[in-house]
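Trainee: Sequence:
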Amino acid sequence: MSEPTNEPTPEEAAAALRTARESRERMLASALGARWIPVVAGLVVFGYTVAIDLLPWTRPWLTFVVLGVALILVVLLRTRTGGSLLGQPVSVSSRALPPAVLRVAPVLGLAIVAAVAVPLLHIPHGTIVYGALAGLYIIFLGPRFQLWLLRRRDKD
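Numbering-wise (our numbering), the sequence shown opens with residue 1 and increments by one.
Treat the hints as calculated values from the structure; they're not laboratory data.
The model shown is predicted, which means the values in this text are computed figures rather than measured ones.
Virtual Cβ for every residue (Gly too), placed ideally from N, Cα, C.
Treat the hints with care, as some may be off.
Said to hold, decoys possible - If you anchor each label on the Cβ, the simulated ranges turn out as follows: (1) L85 <-> S23: 23 to 31 angstroms; (2) R35 <-> R152: 18 to 26 angstroms; (3) W61 <-> A15: 54 to 62 angstroms; (4) V50 <-> G83: 25 to 33 angstroms; (5) L110 <-> R152: 19 to 27 angstroms; (6) T81 <-> E25: 22 to 30 angstroms; (7) H125 <-> R21: 43 to 51 angstroms; (8) R152 <-> G83: 24 to 32 angstroms; (9) A16 <-> A117: 46 to 54 angstroms; (10) E12 <-> L73: 38 to 46 angstroms; (11) A20 <-> V74: 26 to 34 angstroms; (12) L54 <-> E25: 25 to 33 angstroms; (13) V116 <-> E12: 56 to 64 angstroms; (14) F64 <-> A111: 16 to 24 angstroms.
I would like the entire structure built from these sequences, with the hints used as guidance.
Mentor: Pasting the structure below:
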């Protein structure tokens with residue numbers, strides 16, 4: 001004899017769907033991290049480009065300092081201990097994220113456009129212009145682009 005199946009009520013089904021949707025949104029939000037990270041990253045990119053354009057003698061050592069700080073932050077943000085030191089929740093596995101190439105493609109595209117446009121249009125201080133555009137992208141559009149990539153990947 002077959003056992004009776006318990007069919008959920010419409011309210012229970014709606015609650016289950018709502019819970020699943022909220023869980024997915026929390027996962028997506030945790031993948032983006034704290035809001036201060038893109039703000040600081042955008043300001044660092046802008047500050048770095050201003051420094052190497054206006055003070056070219058700082059380029060060799062400043063590049064190593066910025067790369068070193070970026071490497072330390074990446075390690076801290078990707079480990080459980082580092083995340084707790086920075087007040088970050090445990091980050092999502094990188095396998096759940098879109099490929100890194102897709103996440104940095106807009107900044108690389110912007111760099112290519114700037115590298116071509118600055119000499120052609122004879123824009124003074126083109127490095128600063130690129131830094132301002134890249135910094136603004138990282139601060140305002142970077143998190144939205146990554147969220148769009150995550151949601152798009154979630155639909156597939």
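Trainee: All the hints need checking, so say for each whether the structure fits it.
Mentor: How the hints compare with the structure:
1. L85 <-> S23: 23 to 31 angstroms: Given range 23 to 31 angstroms: holds, Cβ gap about 26 angstroms.
2. R35 <-> R152: 18 to 26 angstroms: Holds: the Cβ-Cβ distance is about 22 angstroms, inside 18 to 26 angstroms.
3. W61 <-> A15: 54 to 62 angstroms: holds (58 angstroms)
4. V50 <-> G83: 25 to 33 angstroms: For V50 and G83 the Cβ distance comes to about 30 angstroms; the hint holds.
5. L110 <-> R152: 19 to 27 angstroms: holds (21 angstroms)
6. T81 <-> E25: 22 to 30 angstroms: The hint (22 to 30 angstroms, Cβ to Cβ) holds, given that T81 and E25 are roughly 27 angstroms apart.
7. H125 <-> R21: 43 to 51 angstroms: holds (47 angstroms)
8. R152 <-> G83: 24 to 32 angstroms: holds (26 angstroms)
9. A16 <-> A117: 46 to 54 angstroms: Between A16 and A117, where Cβ atoms are some 52 angstroms apart, the hint holds.
10. E12 <-> L73: 38 to 46 angstroms: At 44 angstroms between Cβs, range holds.
11. A20 <-> V74: 26 to 34 angstroms: holds (31 angstroms)
12. L54 <-> E25: 25 to 33 angstroms: With Cβ atoms ~43 angstroms apart, the hint is violated.
13. V116 <-> E12: 56 to 64 angstroms: holds (58 angstroms)
14. F64 <-> A111: 16 to 24 angstroms: holds (20 angstroms)
The earlier numbered hint that this structure contradicts is number 12, and it is the only one.
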